Amino acid sequence: MGSKRPARREFLRSGAALAGGFTLGGTAPALGQAPASPPMIRGDKNQIAYGERSKYVTSVRIPHGGRPSPDAFGLVFHVATPLQDSVGVITPSSLHYVATTRGAFIPDIDPREHRLMIHGLVDRPLTFTMEDLKRLPSVTRLHFIECAGNRASRRAKTVQETHGMTSCAEWTGVLLSVLLKECGLKGSASWFVAEGAEEVKGASSMPIAKAMDDCIIAYGMNGEAVRPQQGFPVRLMVPGFEGIFHTKYLRRIKVVDRYYMNYNDYGHLDQDAKVAALDYQIGPKSVITFPSGGQQLPGRGFYEVSGLAWSGGGAIKKVEISTDAGKHWLNAELKGTPQRMAHTRFSYQWNWDGKETELLSRCTDELGQVQPTRAQIAKYWNKPFDETFSVPGLDNSIQPWRIGNDGSVTNGLA
Amino acid sequence: MGWRNLGILTCAWLVGVPALAQSPTYGVGRTPTAEEIRAWDISIGPTGEELPPGRGSAKEGAQLYRSKGCAGCHGPTGIEGNAPILKSKAGKDVELWARGRILPLRSPFATTVWDYINRAMPLNREGSLTPDEVYAITAFLLYINEVIPEDMVLDAQNLPKVKMPIGNNYANLPEWKPRAPRLKGYPY
Numbered sequence: 001m002g003s004k005r006p007a008r009r010e011f012l013r014s015g016a017a018l019a020g021g022f023t024l025g026g027t028a029p030a031l032g033q034a035p036a037s038p039p040m041i042r043g044d045k046n047q048i049a050y051g052e053r054s055k056y057v058t059s060v061r062i063p064h065g066g067r068p069s070p071d072a073f074g075l076v077f078h079v080a081t082p083l084q085d086s087v088g089v090i091t092p093s094s095l096h097y098v099a100t101t102r103g104a105f106i107p108d109i110d111p112r113e114h115r116l117m118i119h120g121l122v123d124r125p126l127t128f129t130m131e132d133l134k135r136l137p138s139v140t141r142l143h144f145i146e147c148a149g150n151r152a153s154r155r156a157k158t159v160q161e162t163h164g165m166t167s168c169a170e171w172t173g174v175l176l177s178v179l180l181k182e183c184g185l186k187g188s189a190s191w192f193v194a195e196g197a198e199e200v201k202g203a204s205s206m207p208i209a210k211a212m213d214d215c216i217i218a219y220g221m222n223g224e225a226v227r228p229q230q231g232f233p234v235r236l237m238v239p240g241f242e243g244i245f246h247t248k249y250l251r252r253i254k255v256v257d258r259y260y261m262n263y264n265d266y267g268h269l270d271q272d273a274k275v276a277a278l279d280y281q282i283g284p285k286s287v288i289t290f291p292s293g294g295q296q297l298p299g300r301g302f303y304e305v306s307g308l309a310w311s312g313g314g315a316i317k318k319v320e321i322s323t324d325a326g327k328h329w330l331n332a333e334l335k336g337t338p339q340r341m342a343h344t345r346f347s348y349q350w351n352w353d354g355k356e357t358e359l360l361s362r363c364t365d366e367l368g369q370v371q372p373t374r375a376q377i378a379k380y381w382n383k384p385f386d387e388t389f390s391v392p393g394l395d396n397s398i399q400p401w402r403i404g405n406d407g408s409v410t411n412g413l414a
Numbered sequence: 001m002g003w004r005n006l007g008i009l010t011c012a013w014l015v016g017v018p019a020l021a022q023s024p025t026y027g028v029g030r031t032p033t034a035e036e037i038r039a040w041d042i043s044i045g046p047t048g049e050e051l052p053p054g055r056g057s058a059k060e061g062a063q064l065y066r067s068k069g070c071a072g073c074h075g076p077t078g079i080e081g082n083a084p085i086l087k088s089k090a091g092k093d094v095e096l097w098a099r100g101r102i103l104p105l106r107s108p109f110a111t112t113v114w115d116y117i118n119r120a121m122p123l124n125r126e127g128s129l130t131p132d133e134v135y136a137i138t139a140f141l142l143y144i145n146e147v148i149p150e151d152m153v154l155d156a157q158n159l160p161k162v163k164m165p166i167g168n169n170y171a172n173l174p175e176w177k178p179r180a181p182r183l184k185g186y187p188y
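Residue numbers (our numbering), protein chains in the order written: chain A, 1 to 414; chain B, 1 to 188.
Just to be clear, a hint being listed does not mean it is correct.
Okay, derived cross-link-like pairs now, DMTMM-like style, lysine to aspartate or glutamate, Cα gap no bigger than 20 Å in a straight line [unchecked claim]:
id, chain 1, residue 1, chain 2, residue 2
1, B, Lys163, B, Asp93
2, B, Lys87, B, Glu150
3, A, Lys134, A, Asp214
4, B, Lys59, B, Glu133
5, A, Lys274, B, Glu175
6, B, Lys177, A, Asp110
7, B, Lys89, B, Asp132
8, A, Lys355, A, Asp406
9, B, Lys177, A, Asp213
10, B, Lys59, B, Asp132
11, A, Lys317, A, Asp272
12, B, Lys163, B, Glu80
13, B, Lys184, A, Glu333
14, B, Lys161, A, Asp257
15, B, Lys161, B, Asp132
16, A, Lys186, B, Glu50
17, B, Lys184, A, Asp270
18, A, Lys181, A, Asp257
19, A, Lys317, A, Glu358
20, A, Lys186, B, Glu49
21, A, Lys317, A, Glu333
22, A, Lys157, A, Glu358
23, B, Lys163, A, Asp270
24, B, Lys163, B, Glu175
25, B, Lys68, B, Glu126
26, B, Lys177, A, Asp257
27, A, Lys181, A, Asp213
28, B, Lys184, A, Glu358
29, B, Lys68, A, Asp270
30, A, Lys318, A, Glu366
31, B, Lys177, A, Asp85
32, A, Lys186, B, Asp151
In silico negatives: residues of chain B with every beta carbon more than 12 Å from chain A [unchecked claim]:
id, residue
33, Lys59
34, Ser67
35, Asn124
36, Lys161
Only part of the chain A face toward chain B is listed, based on derived beta-carbon distances under 10 Å [as the list claims (entries may be wrong)]:
id, residue
37, Val57
38, Met117
39, Ser153
40, Arg155
Since the hints were made in silico from the structure, they are not lab data.
The model shown is predicted, which means the values in this text are computed figures rather than measured ones.
Every residue, glycine too, gets a C-beta built ideally from N, C-alpha and C.
Okay, chain A solo, but in the shape it has when bound (with noise of 0.2 Å):
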């Protein structure tokens, strides 16, 4: 039992962290006195100008994958957005998780002197500034990204690590078909090419189709700019697809008729049909984030079972739960109206009986697209389902929790 009790204390100022609000603490007034005033956050200028979070707040990204960040060539840098703190949908920008393969290096472009070109099979090519994107009609959505890269594995020990690697924002900008459609697409038009203004000047491949769909040209992420190290002063959203089309300082696109086979495309080269089909778009994908990996139930009783479920393929239209390691499942509550390539927030209410057991979540998509288990995926691919079997492709498969009886939670994968 004493075992348990720092754990608990734990419990309760990390939920009361979150929660942003009321503690336990305090000395009790007498009856019908006015209780004591907390203490003071003095209202300096940063204050004033662009507010801080509570210290009490400490919530962090940290290097993906194990590996220290940027690695020992001071080049990658992965960062994974804190899942495990999270509510709601949107990601604080200064948590959205980052991938780049040049380090802590980050462009410093002046918005003043940037230009988006757009050139190719088009019958007039146009080049615009920042105030001419801004004069054009806008649109605002939520859509998540997620790198192609964000894999659960049994060494993994926190949401954090297993599925970090995604986040979600609201991105305000010009649809790229109105740029498209001022510029006039010719008719052999059948792929694009978007390239960065960074210093290796990442290009992408994608298709006409996309373009034309949804993709936009994204200048403003949760209700400011978009920030550095997310592609300011403009980035390329194309939403549903893997993070790395997401073109950030995106400087040009081109309008081709083929496949152009640039570095990013290369890296997308498959042998195996099948693994280049799961490329691209991102499959219907779901994680519970409360409880997770590495937090610490304080014992038996009721709590709400909250996570995320987003899908490459449009909105979520279902989550279910299994709190008994799969063998029942039963309809989570979403949250707010699923929006298309966007993380939507589910909860399910749940009385813990204390004994060991497994949580479980599984989504579908709008297109009737069920998330898989890792035994699924296996027995699609042939292959033994033991401990060294990992995913071909993106990797959307089911995250078990496991339930301790004495409260804590560990990867079920492990």
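Add chain B to chain A, keeping to what the hints say.
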């Protein structure tokens, strides 16, 4: 006006409709000059139509590989550094897909090798290589992977025609369609 003329007029009108729908709606943005487009257009596709004039051989490339600092990150022979390896450690008896993810060996097009060196190398001095130097380093990397002979001089005409060992032995991407599953039969 006879029927024939009316027919011509009708045709002109029908052709005119899509042309009108294609005209700019907002009139925002500026037309870049042909020179501006050429300067910005660094994406080299499989046909190589964007390649600038220039030429280079593997021998010149071997020197540049040392003098431009490539060896510092990729190793003296392309396999010893911290950066991605540039030469297969396995021999030709090993199946291509098992020989590692090596750009100048596995890429379906030699243009991709040229494109990447030109846009992204050397580290921290990107964009400093001249077209001749990029042709030469490309030739060197293709030579050490036994893709081209040592004495071959690469230029804008023959680079796109280099036969890469992978041939057609890679998967084509299925057509992407909105609101459709990506892989039929996959358990999702």
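* Violations among the numbered hints, reported as their numbers in ascending order -> 6, 7, 11, 12, 13, 19, 24, 28, 29, 31, 32, 35, 37, 39 and 40
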